[in-house]
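Could you build all of it, start to finish, from the sequences and the hints given here?
Convert by adding 70 to the 1-based position in the sequence shown; the result is the number in our numbering.
Source of the hints: derived by calculation from the structure; they are not laboratory data.
Keeping only pairs whose Cα atoms sit at most 20 Å apart, straight-line, the calculated DMTMM-like set for lysine to aspartate or glutamate is: (1) Lys-197 / Glu-243; (2) Lys-197 / Glu-252; (3) Lys-197 / Asp-246; (4) Lys-179 / Glu-119; (5) Lys-197 / Glu-248; (6) Lys-197 / Asp-98; (7) Lys-197 / Glu-216; (8) Lys-197 / Glu-223; (9) Lys-179 / Glu-243; (10) Lys-197 / Glu-168; (11) Lys-197 / Glu-97; (12) Lys-179 / Glu-234.
FRET-style restraints, in silico, Cβ to Cβ: (13) Gly-256 / Leu-203: 13 to 21 Å; (14) Ile-120 / Asp-206: 36 to 44 Å; (15) Ala-237 / Phe-147: 41 to 49 Å; (16) Phe-147 / Ser-178: 33 to 41 Å; (17) Glu-119 / Glu-252: 28 to 36 Å.
All of these numbers come straight from a predicted model, not from anything done at the bench.
Yeah, the Cβ is synthetic: ideal placement off N, Cα and C, and Gly gets one too.
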Amino acid sequence: MKRVFSAVLMVLIIGSMSLASGSMTEEDGIAFMREEEKLAHDVYTVLHEIWGLNVFGNIARSEQTHTEAVLSLIGDFGMVDPVGENEIGVFTNSTLQELYDELIESGSKSLLDAVKVGLLIEEIDIKDLEELLEGDIDSRTARVYENLLRGSENHLRAFLRQYERLAGSYTPEVLDVERFNEIASGR
Numbered sequence: 071m072k073r074v075f076s077a078v079l080m081v082l083i084i085g086s087m088s089l090a091s092g093s094m095t096e097e098d099g100i101a102f103m104r105e106e107e108k109l110a111h112d113v114y115t116v117l118h119e120i121w122g123l124n125v126f127g128n129i130a131r132s133e134q135t136h137t138e139a140v141l142s143l144i145g146d147f148g149m150v151d152p153v154g155e156n157e158i159g160v161f162t163n164s165t166l167q168e169l170y171d172e173l174i175e176s177g178s179k180s181l182l183d184a185v186k187v188g189l190l191i192e193e194i195d196i197k198d199l200e201e202l203l204e205g206d207i208d209s210r211t212a213r214v215y216e217n218l219l220r221g222s223e224n225h226l227r228a229f230l231r232q233y234e235r236l237a238g239s240y241t242p243e244v245l246d247v248e249r250f251n252e253i254a255s256g257r
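What follows is the structure, encoded as structure tokens:
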């Protein structure tokens, strides 16, 4: 079962991560990040409703702030908001829609699986933000992404503490071990 979970998620992750790269236009990166931050918010909101674990509720509120920060960039660039009036769990980007559906299915199985979903989302977010920061972006966009990155690193540490309480040591799925350990230690 764990192998199926990992295999399906890795296929979705690889597709997702290929969308967020330093070669994207700044506007495409902003639109992608708007929906990726919404994905985190929506997943954590649903998992908080299912499991009642405070870390999900707290981080969902933080992710709402993240989505609003990216929305401000959308306004600055005069872009159409890809989120619009979309309800929880509805995405314009089909890869993110698939990822959301799989993460909710996986996170609904057990509290441990839900916490693993949180770790996975934050690993993806960190990887995508680091890739977008390598692109040609203006200083305001870079500042927003850097703030989102710091937030995601904090979220990863919060989920890691929960995981370690439930199951012990965690092996990263997306980030390399060195980068993961650097974040986990707060460096």
